[in-house]
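Student: Residues per chain, in single letters:
2 protein chains.
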Amino acid sequence: MKTATLFLIPNLISDTEINSVIPIIIKDKVIDLKFFIVENIREARRYLKKLNNEIDINSITFFELNQHTKENEISDFLYEAEKGNNFGLISDAGLPCIADPGNVIVKLAHEKNIKVVPLVGPSSIFLALMASGLNGQNFAFNGYIPIEKNDRIKKIKLLEQKSVKEKQSQIFMDTPYRNNKLLADLINTLNFDTLLCIAFDISGENEFIVTRHIFEWKKNKPDLNKKPCIFIV
Amino acid sequence: MKTATLFLIPNLISDTEINSVIPIIIKDKVIDLKFFIVENIREARRYLKKLNNEIDINSITFFELNQHTKENEISDFLYEAEKGNNFGLISDAGLPCIADPGNVIVKLAHEKNIKVVPLVGPSSIFLALMASGLNGQNFAFNGYIPIEKNDRIKKIKLLEQKSVKEKQSQIFMDTPYRNNKLLADLINTLNFDTLLCIAFDISGENEFIVTRHIFEWKKNKPDLNKKPCIFIV
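Residue numbers (the numbering used here), protein chains in the order written: chain Z, 1 to 233; chain D, 1 to 233.
By construction, these hints were calculated from the structure, which means they are not laboratory data. Be aware that a few hints might be false.
Identical copies carry no separate label here, and so any pair may be met within one copy or between two of them.
Each computed DSBU-like pair below joins lysine-lysine, with the alpha-carbon atoms no more than 35 angstroms apart [to be verified]: (1) Lys221 / Lys112; (2) Lys115 / Lys165; (3) Lys115 / Lys157; (4) Lys29 / Lys157; (5) Lys83 / Lys181; (6) Lys27 / Lys157; (7) Lys155 / Lys112.
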């Protein structure tokens with residue numbers, strides 16, 4: 001029996017041209033796939049159509065993987081892959097399995113000896129890190145910062161400490177509507193001469209990736225409200 | 001005066017078709033650039049020619065940034081950018097400033113108010129992480145593992161601890177000719193049921209990205225000698 005492959009298909013991270021962030025081969029790859037695991041079916045259909053308008057959307061079987069998916073459903077998703085059918089995994093934005101829970105499917109694929117092939121695309125985390133000027137030879141992505149005031153301040157201090165002592169760049173984020181609040185907390189908590197990178201609309205028309213000392217950000221605060229941001233210290 | 005832009009231009013990570021890993025827009029971007037900062041001029045010329053054979057290599061000024069570059073030279077590199085000329089930064093493989101020291105130039109660019117634009121391309125670290133099935137919501141890249149026996153074993157134990165306690169995937173590497181030795185050390189040091197991802201020739205013809213428990217790797221060791229690998233626990 002033919003061994004199936006699970007292709008990890010990148011999605012856009014801004015309102016931009018497909019050709020500026022997605023290698024052209026991916027357009028051809030998706031045409032051959034009849035099974036997709038996606039975060040949201042409507043979004044995925046729209047994205048696939050944009051990726052390649054010759055795709056026959058109605059011949060595709062979609063499985064939805066998000067916070068509503070039950071654990072026992074997940075193990076059934078790859079049933080068709082075990083029969084030899086190739087699959088695609090798409091997240092709502094950026095690279096599947098980076099800053100999203102898609103890795104449960106990939107873990108399952110390894111257990112079932114299904115080949116996993118990652119495809120190249122945009123990631124706000126890695127693009128921000130590249131362009132930050134901060135250390136890219138040792139870094140950590142910490143996901144979302146805590147909401148509760150004390151935990152939040154403690155975490156900010158811990159990240160700054162790690163960045164200095166372990167020489168490890170610390171990447172983190174918050175829910176977009178709290179970003180101005182986070183920037184205020186960072187300015188009040190971090191040392192005045194700590195370098196902070198703020199990045200938003202990465203790969204988009206209003207791309208902003210700027211690294212400044214805290215004393216500089218204090219004098220000139222950008223409005224981050226409702227803008228998905230990446231922060232790096 | 002026109003503000004200059006420093007474009008971070010991805011390079012290949014395997015012997016593969018440009019179109020399978022580099023978005024097509026990058027071919028057009030490089031045509032307009034007359035100044036490049038690169039790790040190795042000969043390699044960079046060859047890559048640019050491959051990227052777009054209409055490029056006029058002889059009209060380009062190259063600056064070499066590697067272990068032989070003196071610190072005072074680096075600050076002169078962006079002189080032409082300060083006059084308004086756009087620059088490209090290319091590393092020998094993958095994304096500039098990720099697992100390479102290119103960030104010194106980017107840091108300087110931020111200081112001089114030069115815009116930094118990161119472009120999408122392949123990274124063995126992120127492709128391995130995506131396809132590993134391990135946690136992509138919290139992870140750290142630790143660079144090279146220590147060479148000296150005691151430090152090495154201590155580091156391996158520390159990485160496993162961090163992976164479990166902080167639920168943070170730990171990515172690391174070694175010099176390719178030591179990879180079989182590293183695999184032996186990992187098998188002897190990590191818990192038998194720890195999951196280890198081994199990845200090599202990522203995006204290449206013989207791509208290998210496999211996650212197994214230590215007890216499984218022990219029974220079936222791949223030959224990693226001289227293959228650049230990414231390891232994740």
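Student: With reference to the structure, classify each hint as holding or not holding.
Tutor: Evaluated hints:
| no. | hint | in the structure |
| --- | --- | --- |
| 1 | Lys221 / Lys112 | between (50 angstroms within a copy, 19 angstroms between copies) |
| 2 | Lys115 / Lys165 | between (39 angstroms within a copy, 29 angstroms between copies) |
| 3 | Lys115 / Lys157 | between (41 angstroms within a copy, 29 angstroms between copies) |
| 4 | Lys29 / Lys157 | neither (45 angstroms within a copy, 40 angstroms between copies) |
| 5 | Lys83 / Lys181 | neither (50 angstroms within a copy, 37 angstroms between copies) |
| 6 | Lys27 / Lys157 | neither (44 angstroms within a copy, 43 angstroms between copies) |
| 7 | Lys155 / Lys112 | between (38 angstroms within a copy, 31 angstroms between copies) |
Of the numbered hints stated above, those contradicted by the structure are hints 4, 5, 6, listed in ascending order.
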